[in-house]
Amino acid sequence: MSIITISRASFSGGEEVAEKVAKNLGYDRISREILLDASEMFKIPEMKLARAINDAPSILDRFNNGKETYVTYIQAALLKYLREDNIVYHGLAGHFFVKDIKHVLKVRIIADMEDRVRTEIERMKISEEKAVKA
1 MSIITISRAS FSGGEEVAEK VAKNLGYDRI SREILLDASE MFKIPEMKLA RAINDAPSIL
61 DRFNNGKETY VTYIQAALLK YLREDNIVYH GLAGHFFVKD IKHVLKVRII ADMEDRVRTE
121 IERMKISEEK AVKA
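Residue 1 is where the sequence shown starts when you use my numbering, and the numbers rise one by one after that.
Warning: the hint list may mix true and false statements.
Okay, derived cross-link-like pairs now, DSS-like style, lysine-lysine, Cα gap no bigger than 25 angstroms in a straight line [unchecked claim]: (1) K133 x K20; (2) K133 x K106; (3) K23 x K80; (4) K23 x K106; (5) K80 x K20; (6) K133 x K23; (7) K23 x K48; (8) K106 x K80; (9) K80 x K99.
Rather than coming from a laboratory, the hints here were simulated on the basis of the structure. Note that this is a predicted model, so its numbers are computed, not measured.
The whole structure should be built from the sequences, with the hints applied where relevant.
Dropping the structure here:
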């Protein structure tokens, strides 16, 4: 019984890897559900929770601990799933949320620049020059 967290760089195929790993191992795969569950459990808009992870702390956050509170809500929702074990988590800050759990395999996926540019060109239908800048 284990937990696998998969984090990824942009355009690296991390989500597909997480799906395949979960399927091959017979594990459940969780991702965005964590934000949805935390939003429902704590009556906080999902967007505020996502911003708590994605955005740097603001001056106000330093005084009122808003960001810390939201991060704690997300962690609580994730831990609810992790009690079951046999989980592949692909999502925001997975490595951060499981740092004190011993039986976790943490994987980071990074695609080389050529693959990332090619993916961006195909996905956004833009020139190579624009994709490199993105």
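Evaluated hints:
For the proposed pair K133 and K20, the alpha carbon gap of about 30 angstroms is over 25 angstroms, so the pair is violated. For the hint pairing K133 with K106, the CA-to-CA distance comes to about 29 angstroms; that exceeds 25 angstroms, so the pair is violated. In summary, the hint linking K23 to K80 is supported, as the alpha carbons are separated by about 21 angstroms, within the 25 angstroms threshold. Under the criterion of a C-alpha separation no larger than 25 angstroms, the hint pairing K23 with K106 is consistent with the structure, at around 18 angstroms.
For the hint linking K80 to K20, the alpha-carbon distance of about 23 angstroms falls within 25 angstroms, and the restraint holds. Restraint check for K133 and K23: the C-alpha separation of about 35 angstroms exceeds 25 angstroms, so the hint is violated. A C-alpha spacing of about 31 angstroms is found between K23 and K48, which places the hinted pair above 25 angstroms, so the restraint is violated. Proposed proximity of K106 and K80 is supported: the alpha carbons are some 19 angstroms apart, at most 25 angstroms.
Among the hinted pairs, K80 with K99 is consistent with the structure: their alpha-carbon atoms are about 16 angstroms apart, no more than 25 angstroms.
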